[in-house]
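J.: This is what each chain is made of:
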Amino acid sequence: MNDTSQSFVKFEKIDKSYDGEVLVVKNLNLDIAKGEFVTMLGPSGSGKTTTLMMLAGFETPTNGEIFLDTKPISKIPPYEREIGMVFQNYALFPHMTVAENLSFPLEVRKISKPDIKEKVQKALDMVELGNFGTRFPAQLSGGQQQRVALARALVFEPRLVLMDEPLGALDKNLREQMQYEIKHIHDRIGITVVYVTHDQSEALTMSNRIAVFNDGVVQQLSTPDILYEKPENSFVAKFIGENNTLNGVVREVNGSSCTVELDGGFGMVKALKINVNEVGEKTQLSIRPERVSIDNSISDSNNFLGKIEELIYLGDHIRARLDVCGNNEFIVKVPNEGSFNHKEGDELKLSWNSEDVRALDL
Amino acid sequence: MEVIISTAELLTTDGIPLKQSLRKAERRNKLRAFLLVFPLLLFIFVTFVMPIGDMLLRSVDDSQINSVFPNTFEEYKKWDKGTDELPPEEVYKNLFFELANGDKRQIGKALTRMNYAKSGWKSLIKKTTREIKKIVKKGEEPKSYKETFIKINKFWADPTYWYSFNQMVNDQSSIYYWNALDRTFDEDGDVVLQDEKRRMYIKTWLRTFKVSIYVTIFCLILGFPVAHLLANLPLRYSNLLMIFVLLPFWTSLLVRTTAWIVMLQQNGVINGILVWLGIISDDGRIQMVYNEAGTLIAMTQILLPFMILPLYSVMRVIPKSHMRAAQNLGAKPATAFWRVYLPQTIPGISAGGLLVFVLAIGYFITPELVGGKDGKLIGSWIAYHLKTTLNWGLCAALGAILLGIMLIFYWLYNKIVGIDNIKLG
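If you read the protein sequences in the order shown, they are chains F and W.
Just so we're aligned: 326 in the numbering used here is position 326 of the first sequence, and the numbers increase by one with no gaps anywhere.
Just so we're aligned: 749 in the numbering used here is position 387 of the second sequence, and the numbers increase by one with no gaps anywhere.
It should be emphasised that the hints constitute simulated quantities derived from the structure, not laboratory data.
As the structure is a computational prediction, the values presented were derived from the model and not from experiment.
In this text, a Cβ means the ideal position worked out from N, Cα and C, and glycines have one as well.
Keep in mind that the hints are not guaranteed to be accurate.
[Claimed, not checked] To give an idea of the chain F side of the interface with chain W (calculated C-beta under 7 Å), a few residues: (1) Phe58; (2) Pro78; (3) Met85; (4) His95; (5) Pro105; (6) Arg109.
This is chain F alone, in the form it adopts within the complex (with noise of 0.2 Å):
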């Protein structure tokens, strides 16, 4: 996939700075193939809106080449370029009906009025609003201009449709809704999808790839399982689920794992050797709530004890926080099974294997 020759977008060593004194993406490497749906996740200011401004053709990349279907387009003005876009608030045209705003694009394209009547009419049957076209947008909920902009973005069949953000302004419900309606659309057309977001969930739905902003840099890019299961340092790991970290420092160092000395002389720990090098190195350990096991040693080197903390009863699960070597911020999520009976203050038994701890950066 890494491989020029198939991919359908490449950026290549794109830097992107606004003031010449910071760099909002630095050394930018990223390959789309064709039909895949590519996620860029990150907090704030991490330069994935930037990313997507830079291919829509809004922002000048300050070094590199961004590549579409192997041509470069860096000196091709944005309304030439066919790339579709559902912008943050919709950036529908107040003014214009649905339709006219559907038939916009393909009007500027010259394209006859029985064919963008007939165009038109798909699109907005595409994504169930066959009978709005003589709304206007202010006369349509959230959601229903969420799909107008859709509509909108797709119609002129674009070679690849951005998304910046387009579910941010929904509430939980329409968002969750409205997250499987892009996948299946995507599914159904299989057009190429870049799409920005903050929201972890949502990239992990929609994805077929997630690209981890942060701080300008890709911190990884792969499948959400990986993702989520196999992070690559401490960033990732803490901002795709939930997390649970412990320090310490590299004493042994043995093949794919090695063995670490928690901070403040709680013991030892047996993890996957992923983000460090050698012994001495200073380490943060993830380990994934659901990883951890109560009352039942299923590992012989990893066996350590917790104090209960705070308990919340969430209905499927009970959420507990626990002090465990120092860290009270350890999240054990209990299935509610019916046998556990303990209260705030007893101490646990905790155990874990040694492949679900990962031996990070610090």
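Fit chain W to the supplied structure of chain F, relying on the hints for placement.
T.: Chain W only, in chain F's frame:
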């Protein structure tokens, strides 16, 4: 839950009709709201409704002269112009006594009015009154009042003087409106054009329209890019620019107008620079002030903020993403501007346009100072009649026509654009 649908009157829990109870509950709030706005209502009534009403009444009012010569006019109406060349004896008789016994000041006022109808009335009546008073003093009673009048002055045998009474015998008259449009009544009471040398209002009205329309167009052409910059520049630059827009706005109108005289006059700054650059010769200095051009330039500058501010307030809320979206959808920047940006600024354009036009059409000080002879607008005539000739009826008629034109424009605007589309801030 059961839904009760009943045609009977709804009652509260205590059995009082719901509507009555609601009225009672809301009464205090309504009263309080009314008392809060009452001073404002009173203020508007006293300073706005009453003067305008007074002006409208004054523009058709002709009661003063009717109160001076009530009997004369009564008899005058009986005169059959077809059969008798001159009015009957009774008219002369009544006029005799009304001139002899009338209040001097009231008669003086009436004379001014009569002179609007026909020049010459004033001196004729003054002369006649003097003679009549002599006759009364002697205690003589004339045999024929008609002949006495004609003996005093032969103009009393001229029916054209008598005909001019026609337009004064009623308490209301439309003469001022006709005058304001360069028209008057002839002997038979028909509307005719004024003498050629007395026609000046139509010309001024047309110039007022022309100047107002040009000023509005110039303001739009100059103001649109400025408003666009204001709305799109980063805050620290746009604040500075806003000060440049507002600073002249806060400066006295007179200062700005006289500054333009300094700039534009034949020995002024602009001509000086042009001569210095060698673009024009020293004796070819351009006349840019004390004419229509001066009025146009100065009024455009003075009214520009009234165009910029409404435009700015509209442009500020147009998301920048719209132009981007349009380009992303394949429109060239010019097309994107024309089809996406411009239509969204129409509320601002129309608000600014209406504001500038309405202000320009009634503008007075600037055209008066820089307009010279052929740059004066209708406002100058109103001021002239108000202060110099004291013909308030004509003033009021000119003002009422101006008001009517504005209302027509407002109505048209509402028809075409819709008044709720207006955006001033």
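J.: All hints are to be evaluated individually against the structure, with a verdict given for each.
T.: Structure-based check of all given hints:
no.	hint	result
1	Phe58	holds, 6 Å
2	Pro78	holds, 5 Å
3	Met85	holds, 5 Å
4	His95	holds, 5 Å
5	Pro105	holds, 4 Å
6	Arg109	holds, 6 Å
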